[in-house]
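Order-wise, the sequence lines are chains A and B.
Last residue of the first sequence? That's 330 in this note's numbering, and every number before it is there in order.
Last residue of the second sequence? That's 1406 in this note's numbering, and every number before it is there in order.
Treat the hints as calculated values from the structure; they're not laboratory data.
Hints should not be assumed to be uniformly reliable.
Claimed, not checked - Computed far set for chain B versus chain A, every beta-carbon distance over 12 Å:
# : residue
1 : 1262
2 : 1300
3 : 1362
4 : 1379
5 : 1400
Said to hold, decoys possible - Here are the simulated lysine-lysine pairs, DSSO-like style, with alpha carbons at most 30 Å apart:
#  : chain 1 : residue 1 : chain 2 : residue 2
6  : B       : 1176      : A       : 292
7  : A       : 299       : B       : 1158
8  : A       : 230       : B       : 1176
9  : B       : 1382      : B       : 1158
10 : A       : 292       : B       : 1206
11 : B       : 1353      : B       : 1206
As the list claims (entries may be wrong) - Simulated DEER-style distance windows between Cβ atoms:
#  : chain 1 : residue 1 : chain 2 : residue 2 : range
12 : A       : 205       : B       : 1209      : 38 to 44 Å
13 : B       : 1209      : A       : 300       : 16 to 22 Å
14 : A       : 252       : B       : 1404      : 33 to 39 Å
15 : A       : 74        : B       : 1189      : 36 to 42 Å
16 : B       : 1350      : A       : 252       : 30 to 36 Å
Ideal Cβ positions, reconstructed from N, Cα and C, are used throughout, including at glycine.
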Amino acid sequence: MRVLLLAEHDNAALKPATLNAVTAAREIGGELVLLVAGQDCRSAAEAAAAVPGVTKVLLADDALYAHRLAENLAKLVVQLSGDYTHLIAPATSSGKNVMPRVAALLDVAQISEINAVVSPDTFIRTIYAGNALATVQSGERIKVITVRMTGFDAAPSTGGSAAIEAVNAAGDAGLSRFVGQELSKNERPELTSARIVVSGGRGMQSGDNFKLLEAVADKLGAAVGASRAAVDAGFVPNDYQVGQTGKVVAPDLYIAVGISGAIQHLAGMKDSKVIVAINKDEDAPIFQVADYGLVADLFQAVPELTKELSK
Amino acid sequence: MKVLVAVKRVVDFNVKIRVKADGTGVETANVKMSMNPFDEIGVEEAVRLKEAGKATEVIAISLGLPQVQETIRTALAMGADRGIFVQTNVELQPLAVAKLMKAVVDKEKPEICILGKQAIDDDANQTGQMLSALLGWSQGCFASKLVINGDGTANVTREVDGGLETVTLKLPLVLTTDLRLNEPRYASLPNIMKAKKKPIETLTPEQLGVDPAPRLKTLKVGEPPKRKSGVKVKSVAELVDKLRNEAKVI
Ligand SMILES: Cc1cc2nc3c(=O)[nH]c(=O)nc-3n(C[C@H](O)[C@H](O)[C@H](O)COP(=O)(O)OP(=O)(O)OC[C@H]3O[C@@H](n4cnc5c(N)ncnc54)[C@H](O)[C@@H]3O)c2cc1C
Ligand SMILES: Nc1ncnc2c1ncn2[C@@H]1O[C@H](COP(=O)(O)O)[C@@H](O)[C@H]1O
Chain A
20 MRVLLLAEHD NAALKPATLN AVTAAREIGG ELVLLVAGQD CRSAAEAAAA
70 VPGVTKVLLA DDALYAHRLA ENLAKLVVQL SGDYTHLIAP ATSSGKNVMP
120 RVAALLDVAQ ISEINAVVSP DTFIRTIYAG NALATVQSGE RIKVITVRMT
170 GFDAAPSTGG SAAIEAVNAA GDAGLSRFVG QELSKNERPE LTSARIVVSG
220 GRGMQSGDNF KLLEAVADKL GAAVGASRAA VDAGFVPNDY QVGQTGKVVA
270 PDLYIAVGIS GAIQHLAGMK DSKVIVAINK DEDAPIFQVA DYGLVADLFQ
320 AVPELTKELS K
Chain B
1157 MKVLVAVKRV VDFNVKIRVK ADGTGVETAN VKMSMNPFDE IGVEEAVRLK
1207 EAGKATEVIA ISLGLPQVQE TIRTALAMGA DRGIFVQTNV ELQPLAVAKL
1257 MKAVVDKEKP EICILGKQAI DDDANQTGQM LSALLGWSQG CFASKLVING
1307 DGTANVTREV DGGLETVTLK LPLVLTTDLR LNEPRYASLP NIMKAKKKPI
1357 ETLTPEQLGV DPAPRLKTLK VGEPPKRKSG VKVKSVAELV DKLRNEAKVI
């Protein structure tokens, strides 16, 4: 087995999701090569080289990869795909964008968002918003896979010393150009890797009221998330959305506030270790998955929670 | 400019699905089926392009069993001009759908293909990217905004992990819809009636020269582990005490 893993990074450091994908790759076994493609990304490549179990790091440092445009990045991965048996990426928005393009260019199927490795050709993934688990076998010569972070522990990030090898860029596909981005700014931990997540739903009533949740999050060092309804209503940006079609999280503690618990939301958080629900409707479905449920008006309970946590 | 929009028939998003006892799949008999919600957004976007005078024709395509024609009819009632039905009883996986759609694109020559970001049954999130790759086109995935520029390009704003990203893409392009792209309309009764007269062409994989055989084998479909039911706490103080001393997570 030879696994090529497309690392997710911000040029300076690896994104946490890369380390979860490394664990999946190591369960598949064999040689593990990390591809760090970006611009001025040598320090990310050095971080990749320090991950134990990594046999080699390929560094593609070129302006073409500055913004991970799918058309150019897929071209690069295909050019490097040679004799690898597995091409893997974390199931981040970038991995989901690029890998199916790679798979189609290689004329092979992709297995999306695996939760578990059964054997090098057999994987488990969820379907129907997490309401069923499918065990899927691939007979393809190259298995193209994206890895759901919550299925795998993060690999250690230090102790390894793999060699870094520079590789040539694969040329510009000439199809796309980066224009700009609007990234949500906050000092909080990343939603998908935070140990604690506090999420708000339609019950929050406004974006301003999310300050109540931020106060709790500050006390707990938590990330802030949201339901689709809260995002659609414009209370918070799109990248806060937790669920089937947003981010999948599995923190040690998930606190759902003013969220009813639709299956699409549960799909994104029901693997959390401990779930707390605060909702004024005692019949809200969220209570069926909550370890601790509090039937209360959030506008009373949340400020009280902040106070209690200061004690 | 023609627009081709894919519409998949899936189990309605409100249905709580049941896994078949023999582990072969999910119960779909006598279950409410609907258009994949992301595809409703796709049809809406295509129809708006036509209403804005940017598109000349909107073609809705669905692939699978004869029942998917109902989904095409829904798209026609929302404003698509005609339908293409690719008939097969083979289990369709994303790569096969992409190949069949590519063959249709080669015939119809649309400038824009719109697909959903993900089908809510297989949760694959692959087909649009694959189609784009097979065509050698640009891809605007997880789109929350599409602006056609006058110069053979379009700007697409994409929902990404950190927020939003805007790219300029060369036409022709493949777009996949995200939830915030638009709010799809409901078909009015007169439009539902009118849709009955709009044409749907039937094609087969053989006619399109594509082998749609599945590449992945599903060995088993099972239930996810159930969470054990929890407790209701009476006060915030009790909640914090339990989190600190029982669950030990804070
Ligand atoms: C294709 C598709 C994809 C989707 N993807 C996602 C997804 O990824 N993530 C997601 O979250 N949803 C998703 N949804 C939407 C999902 O179906 C629900 O509509 C959504 O999760 C509801 O959000 P909510 O719980 O915030 O709102 P609601 O269902 O309206 O619930 C609000 C809750 O707040 C409570 N409340 C109100 N006021 C108070 C108060 N003062 N104090 C305490 N409680 C209060 C109410 O009792 C209620 O339970 C998707 C839907 C579709 C069709
Ligand atoms: N059988 C099908 N018929 C029509 N469109 C499909 C079909 N399968 C997939 N698609 C399109 O591809 C999108 C993504 O599906 P998937 O890659 O399976 O998650 C869907 O939202 C549809 O637009």
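Hints, verified against the model:
no. : hint                          : in the structure
1   : 1262                          : holds (15 Å)
2   : 1300                          : violated (7 Å)
3   : 1362                          : holds (20 Å)
4   : 1379                          : violated (7 Å)
5   : 1400                          : violated (9 Å)
6   : B:1176 with A:292             : holds (28 Å)
7   : A:299 with B:1158             : violated (50 Å)
8   : A:230 with B:1176             : violated (45 Å)
9   : B:1382 with B:1158            : violated (47 Å)
10  : A:292 with B:1206             : violated (48 Å)
11  : B:1353 with B:1206            : holds (19 Å)
12  : A:205 with B:1209: 38 to 44 Å : holds (41 Å)
13  : B:1209 with A:300: 16 to 22 Å : violated (47 Å)
14  : A:252 with B:1404: 33 to 39 Å : holds (35 Å)
15  : A:74 with B:1189: 36 to 42 Å  : violated (48 Å)
16  : B:1350 with A:252: 30 to 36 Å : holds (34 Å)
Consistency with the previously given hints fails for numbers 2, 4, 5, 7, 8, 9, 10, 13 and 15, ordered from lowest to highest.
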